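Q: The lines below spell out each chain.
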Amino acid sequence: MTLEEFVSLFAEQFDDTPAEVFTPETKYSTLDEWGSLVALSVISMVDEEMDKSVSGSELKKCSTIEELYNLIEAK
Amino acid sequence: MFNPFSLEGKTILVTGASSGIGRGICIDCSKMGAKVHLMARNEERLNETLAQMEGEGHVIHKADLCSTDDINALVDELPVMDGVVLCAGIIKTMPVKNISEEAMTEIFNANIMGDIKICSRLLKKKKLNHGGSVVFISSVSTFNVKVGNSLYSATKGAVNSFAKAMALEVSKQEMRVNCIQPGFVPSSILSSGAIEEDAFLKFYAERHPLGFGTPSDIANGCIYLLSDAARWVTGSIFTIDGGYTLQ
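Just so you know, the protein sequences line up as chains A and B, in that order. Here this note's numbering is used: position 11 in the first sequence is 11, and no number is missing along the way. Here this note's numbering is used: position 203 in the second sequence is 203, and no number is missing along the way.
Each hint should be verified, as a subset may be incorrect.
Claimed, not checked - Below, in silico cross-link-like pairs of lysine-lysine (DSBU-like), each with a Cα-Cα straight-line distance of 35 Å or less:
hint, chain 1, residue 1, chain 2, residue 2
1, B, Lys-172, A, Lys-61
2, A, Lys-61, B, Lys-97
3, B, Lys-127, B, Lys-35
4, B, Lys-146, A, Lys-60
5, B, Lys-97, B, Lys-117
6, B, Lys-35, B, Lys-125
7, A, Lys-27, A, Lys-75
8, B, Lys-172, B, Lys-127
9, B, Lys-164, B, Lys-35
10, A, Lys-75, B, Lys-62
11, B, Lys-62, A, Lys-52
12, B, Lys-97, A, Lys-60
13, B, Lys-202, B, Lys-124
14, A, Lys-61, B, Lys-146
15, A, Lys-75, A, Lys-60
16, B, Lys-62, B, Lys-125
17, B, Lys-117, A, Lys-52
18, B, Lys-146, A, Lys-75
19, B, Lys-117, B, Lys-31
20, A, Lys-52, B, Lys-125
21, A, Lys-61, A, Lys-75
22, B, Lys-202, B, Lys-35
23, B, Lys-97, A, Lys-27
24, A, Lys-27, B, Lys-146
25, B, Lys-35, B, Lys-172
26, A, Lys-27, A, Lys-52
27, B, Lys-124, A, Lys-60
28, A, Lys-75, B, Lys-117
29, B, Lys-125, B, Lys-31
30, B, Lys-31, B, Lys-126
31, B, Lys-172, B, Lys-31
32, A, Lys-52, B, Lys-146
33, B, Lys-127, A, Lys-52
34, A, Lys-27, B, Lys-126
35, B, Lys-97, B, Lys-35
36, B, Lys-172, B, Lys-124
37, B, Lys-97, B, Lys-125
38, B, Lys-124, B, Lys-35
39, B, Lys-31, A, Lys-75
Derived from the structure by calculation, the hints contain no laboratory data. Fair warning: this is a prediction, and the values are worked out from it, not measured in the lab.
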């Protein structure tokens, strides 16, 4: 999966935040909508689309979407 | 000594016997004198449970609850049971919008369909004794719901409803069917990776007035329901949760 595809899938997990807001540099935890439900959505999206697992603490550790992408890709 | 809770002379089947609550139930039932048939997928961990049990005559069955063939073969080789504790289960945490058919099938197979298949086969093959007792380990999540836990809640809600209907159906043979809804008992069911463990434990610790439960806290409820002391108890749903759902 490319970084661009990942950003777009990441954006899809949000219901109220417009897709245009999301770039590789987006610090997702600063978004108003970010919370446990979206985090769970991201975890299950990664499982489903990338067949990899990412934990809640890893989501907390990363800052930008690109950082998270790199962490998952390295698995 | 007067002891209406004794399981002496009783033969009990326990599913999910290789870890957590299921393991605790096997160990404590053996201490109360029961002969236990332990079922789970992992033989090595079943043997670890067996090593902690007391008494003789316990039997290990390596079987997968998600396989109808495994269940049928298991029931066919069992002697007549006096009690059954259905305690195998898995958790799948995901928001409703991300539920996949695969996840849904897996959790319903493991948490309710396997239990139904075992009960059905036991009755069909007349492997549950007159006066026998069936105990389902359900969960407080049937009514105390959490974000991302809809599949688990749904399967456990199905367990409660099934148990009540079955209780009525088998009452003529004086068989009894009940559920225990545990609160939070730390066990390996949580190590699915999706949960941020420290924050999770802190959240739940603050909400259990009597602290976290142990497998024995649940096993003691099972012992009561399996024993002749509960002769008049059927179709009941017992919450054993350290006060978790009080508030």
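Q: Determine for every hint whether it applies to the structure shown.
A: Verification of the hints:
no., hint, in the structure
1, B:Lys-172 / A:Lys-61, "59 Å, violated"
2, A:Lys-61 / B:Lys-97, "25 Å, holds"
3, B:Lys-127 / B:Lys-35, "15 Å, holds"
4, B:Lys-146 / A:Lys-60, "20 Å, holds"
5, B:Lys-97 / B:Lys-117, "29 Å, holds"
6, B:Lys-35 / B:Lys-125, "20 Å, holds"
7, A:Lys-27 / A:Lys-75, "21 Å, holds"
8, B:Lys-172 / B:Lys-127, "16 Å, holds"
9, B:Lys-164 / B:Lys-35, "26 Å, holds"
10, A:Lys-75 / B:Lys-62, "33 Å, holds"
11, B:Lys-62 / A:Lys-52, "29 Å, holds"
12, B:Lys-97 / A:Lys-60, "22 Å, holds"
13, B:Lys-202 / B:Lys-124, "46 Å, violated"
14, A:Lys-61 / B:Lys-146, "24 Å, holds"
15, A:Lys-75 / A:Lys-60, "17 Å, holds"
16, B:Lys-62 / B:Lys-125, "20 Å, holds"
17, B:Lys-117 / A:Lys-52, "32 Å, holds"
18, B:Lys-146 / A:Lys-75, "29 Å, holds"
19, B:Lys-117 / B:Lys-31, "29 Å, holds"
20, A:Lys-52 / B:Lys-125, "43 Å, violated"
21, A:Lys-61 / A:Lys-75, "15 Å, holds"
22, B:Lys-202 / B:Lys-35, "38 Å, violated"
23, B:Lys-97 / A:Lys-27, "24 Å, holds"
24, A:Lys-27 / B:Lys-146, "27 Å, holds"
25, B:Lys-35 / B:Lys-172, "26 Å, holds"
26, A:Lys-27 / A:Lys-52, "22 Å, holds"
27, B:Lys-124 / A:Lys-60, "52 Å, violated"
28, A:Lys-75 / B:Lys-117, "39 Å, violated"
29, B:Lys-125 / B:Lys-31, "29 Å, holds"
30, B:Lys-31 / B:Lys-126, "27 Å, holds"
31, B:Lys-172 / B:Lys-31, "30 Å, holds"
32, A:Lys-52 / B:Lys-146, "24 Å, holds"
33, B:Lys-127 / A:Lys-52, "43 Å, violated"
34, A:Lys-27 / B:Lys-126, "62 Å, violated"
35, B:Lys-97 / B:Lys-35, "45 Å, violated"
36, B:Lys-172 / B:Lys-124, "15 Å, holds"
37, B:Lys-97 / B:Lys-125, "41 Å, violated"
38, B:Lys-124 / B:Lys-35, "22 Å, holds"
39, B:Lys-31 / A:Lys-75, "46 Å, violated"
The structure does not agree with the numbered hints 1, 13, 20, 22, 27, 28, 33, 34, 35, 37 and 39 stated previously, though it agrees with the rest.
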